[in-house]
Amino acid sequence: MTRFEANGRAVEVAVEPRMTLADCLRDVLRLTGTHIGCEHGVCGACTVLVDGEAVRACLMLAVQAEGRRVTTVEGLSHDDTLTPLQQAFRKHHALQCGFCTPGMITTAHALLSEEPDCDADRVREVLSGNICRCTGYIPIIEAVLEARSAYRGDGRAGDDGERR
Amino acid sequence: MRNTFIGAAIERREDLRFLRGRGQYVGDLAPNGLLHAVVLRSAAAHGRIRAIDAAAALKIPGVHAVITAKDMPGGPPIIPMRLQPLPAFKPFEQPVIAADKVRYVGEPLALVLADSAAIGEDALEAIAVDIEALPAVTDRAGAQNGGSLLFEAAGSNIALEFRATRGDAAAAFAGAAYRRRERLKVQRHFGLTLEPRGVLAEWDAAQGRLRVFGAAKVPFFNRRILAAQIGLPEDAIDMVENDVGGGFGARGEFYPEDFLIPFAARQVGRPVKWIEDRRENLMAMNHARDAEADIEIACAADGTILGLRGETFADMGAYMRTNGAVGARNVAQFMSGPYRIPAIDIAATLVMTNKTPVGTYRGPGRFETDFFRERLFDMVANELGIDRVEFRRRNLVAEREMPYALATITPYEHKDELDSGDYRITLARCLAEFGWTEKAKLQGVLIDGRYHGLALGCFIEGGGAGPKESARVALEPDGAIAVYLGSSAVGQGVETVFAQIAADALELPIERIRAVFHGSTGYVSDGYGAYHSRSVVMGGSALLDAAEKFRAALRAAAAQRLGCDARAVAIGEDNVAGPDGRALPLTDFAGLSAEGAFHNKKHTYTYGAHAAHVTVDPKTGHVAIVDYVAVEDVGRIINPMTLNGQVIGSLVQGLGGAFLEHLVYDENGQLLTGSLMDYRLPTASDFPNLRSIVLDMKPSPINPLGAKGAGEGGIIPAGGVIANAVANSLTAFGAEPRELPLSPPRVWALLEEARMGNANGE
Amino acid sequence: MKLPAFDYACPATLAEAVTLLAANGDAKAIAGGQSLVPMLAFRVAAPTLLVDLARLPGLDRIAIGADGVRLGALVRWRDILADARLARAHPLLVAAVRHVAHYQIRNRGTVGGSLAHADPAAELPGIAVACDGEIAVTGTAGARVIAAKDFFLGALTTALAPDEIITELRLPAWPAARRFGFEEFALRRGDFALAAAAVFHDRAADGRATNAHVGVIGVGERPTRLPSVEAVFDGARIDDGVIARAAAAASAAVDPPDDIHASAAYRRALVGTMVERALVAAQQRDQP
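Chains as they are written, first to last, in this note's numbering: chain F, 1 to 164; chain R, 1001 to 1762; chain X, 2001 to 2288.
Hints were generated in silico from the structure; no laboratory data involved.
Don't take each hint at face value.
[Stated by the list, open to error] Stretch-level coverage of chain F by chain X, calculated; a stretch enters the list once three of its residues show a Cβ under 8 angstroms from a Cβ in chain X:
#: 1; stretch: 6 to 18
#: 2; stretch: 34 to 47
#: 3; stretch: 61 to 75
[As the list claims (entries may be wrong)] Just some of the chain F residues that point at chain R, by a computed CB distance under 7 angstroms:
#: 4; residue: 86
#: 5; residue: 98
#: 6; residue: 128
#: 7; residue: 131
#: 8; residue: 137
Think of the CB as a built atom: it goes at the ideal place given N, C-alpha and C, for glycine as much as any other residue.
Sequences and hints are given; from them, build the entire structure.
Listed below in structure tokens is the structure:
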């Protein structure tokens, strides 16, 4: 049995060692917000937070999540409202088909939680590990830069990936 | 018509689920009893199938079945063409699974059904495939010499030749003061979608109904094909469009899996799901763009273009796909772009090779042909000593010449004409926004180790393809409106854009439009889908018709109850009133619904201009974009935010084609670009300096919205503009790019060649 | 691209890990998995047992002392970039690591994993060789130290025995006044290098360069120093002429591969440019 925390809830799964964390989240825990775009660690659509750090869930075995705190896009969302980061994405039209979006949200959240004063170059550098085929990236960068204010000072979204 | 919501940058409704990971893509569906399908694909590019032995695979625990062509009585069905279905193409159409021959690496050989995709992939390794290899045809020369035939019965590897003609090219060239001929090439690449393809099929034997999930782009057409292939009436099949992770022309056409998965579901009586993985996607999703041109231009001494002629070749891959001929035809027919070219004679030869079959990718054929044409233009302008801007401006079709007939294509007699527009205005606007006059001083200048280059290009984007689209408007019990569309969503925001159109057409607040349902076959009686930038023009116009019919139906129903003439009924936001002031609440008419349609045979032409400023590092060949401005007039803007999104998104795809993306085969037909490390997509770091300006100056006369299809304009001119900018930066070397992509090693090689040429005194 | 089946162990001690590797011929060690898991996904590797090193104690430390820098095998790229001491203790290492992959990969990828994987275009093997590093490993035969120049045998091939696990990378002490440059060219940010050069030298009192070191990656089967290039500027005052000759020597010294990404001729020219730019950077760098 592998035990870890998924979006604040303790989970226990019996999975083969070969099952990736991405497949475990999607197929066993039915958290389908994490998307699979390549399965070889290039596209970033599967990005989740493990102990607050952004990782490619397709390159991590589910068994390697033992004892860790995993946060997916669902864990960074509210039922009734959008977070400031999500609102910024919406305002800037930083998504079209939505497939890369969960990975962008988790990666941006990790970045802004650690570096709320990052500049455009840093945002581009960090997001260069997330492929988007629809938007051309420019609105995504704008959205992340706008969201910085929510991660600074009073509006801090926290550095541990928890729901705010 | 009211313009309260039309024209506004309304935030998207679809975002609410996408941002929270609540989208529902076909891969997210997991019905009870699901079996997973995995496709065994040919590792040989060309050969005769001697045996496929699945005995060992069937012994693996969790493997339920292995389906091959032998399980299809009468042989595997053949996938017909959807567009340009000419008799000449019939011999080259693809069977849903390989039967006697394989013709490309990636061609389906067998379908494994297993408890999980992982077990299915284990099974693939246990299937013994015996293929007698045949020589692979991997280039035009190999195809044309006919030594190895893909289709013996056809007797040739050439499927067809289109011809685009206008005026008398022979005479134009004979009398021309100036001519120039060039050979140019665009590389194979494709509309890779971030979500790979997927199909889920459920067969309800009791009801005799088939439900197919994962439909996209043209669900109604695909249902027609599937029904015929699988032997069911169309109305026994539901094609359901879930959320779709990008289309770009590639997703949604009828592929082998669109038959295989429903067939398997019927065979085993359980839901079957297939999700393409990325390695498959690179070899199985339609390839595109692979084209060459050997073209010649004739001009008067003052640069007035007299004619364009020559040959183009399109590598079709191993089979004619449902829309495989589109790109090839477009290369020939739209090479003139927005320019006045009185005499045209361009052949487009469709060449079959042992590679993944080719379909469309955003701006099919148009990206390639704009590269061919605009490169030629800059070379000509340089040689004639005419300013490159002036050369283009004086040759643009003028507004007063419209409708302006483009070249006629044969076979499939197809006439097209430019509908409306003032092409000089977008050109001027682009250059002004870009700062052309100032920046032009940098042309070819070396600063801090990099050469500067500037270029521009003008383009048209054909859209609004017919023949028809349907929409339905229905009143719900609480007074909200539900909109149903035959149009498909591929990420372009139809749920929001059509809510805007519906709100204004019905004169209601946008919140009253509860939802826009799209794509799935259950929503309208006869739908067509999303292709050729048609959703706003066709779906939007159909929606206007539906709204008008709805209001007429509402008036008629109200008139009955109010005892007055229908024309005297006033429709308010919440009620309907007669001339005597008596009113009834709208909710009294819940269930009222009206279907509308729009028929169209003509294309709209969005048009515009791009300008680029690049710098080139001659030592590494690296090209950086300092500034890039895209301007286009779309006739009528429904949502400027989503429209600009389409421009920037398609432009970055175009830059991917100009610099990065390349599907590479070896001489044995093996696909060498097998991962996303090899097939390089643009990332956030690559192209940060892009600007888009959209205008709504000249409405289209051919639809009630006055709109023109948009969404492909960003990609169409990008290759030509970039190639010209690179050429212009390297004038000191005399390096002339004639091929894409302009990756750093290729730019460097161009410079090396030019340097060696100069050293030899050429 | 689901992974092939394998057994999995996550031992608590190095000894256990070594025993597991020794007992299972088709076992492979896994740390961050950033290189190994893609290979499994493409089924070009099919180990029957993965031995996860994550729980092994003491391998995640960065130790800086008089004898140099020691990076534990489980130190991640992220840890290197976050360790403020390294900006002074080994700025060349930091400069190179900035080019490694992407943000998410840097949170998982490790020193040991990169060295064991031995991609010819990977930065850390290049730094290890350029800096005369040493790699400490432990196997059933005990612990040994392998010079970096003897560790990388070819593309994806190292001197590690099947039962050996890397425990540490040791880089010699870095003098504060040392001059260095690291130049890499890749087709996109984060891609594998088409060519990269790590160059450093010290300075004698009269301004001549001493202790010249040039290491290159991406232009051969394994990272290597280029002695013929070092000879050009070792003992010389570095001026434009010396730099140009060093660059030419670099191009002449390598025999790069031809592949779908770049031709051999391009890589040959590129490595010369990388050496040239690294030498220029070394001259311009302000030393603390």
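*Tell me, which hint numbers fail for this structure?*
When the structure is compared with the hints, none of them turns out to be violated.
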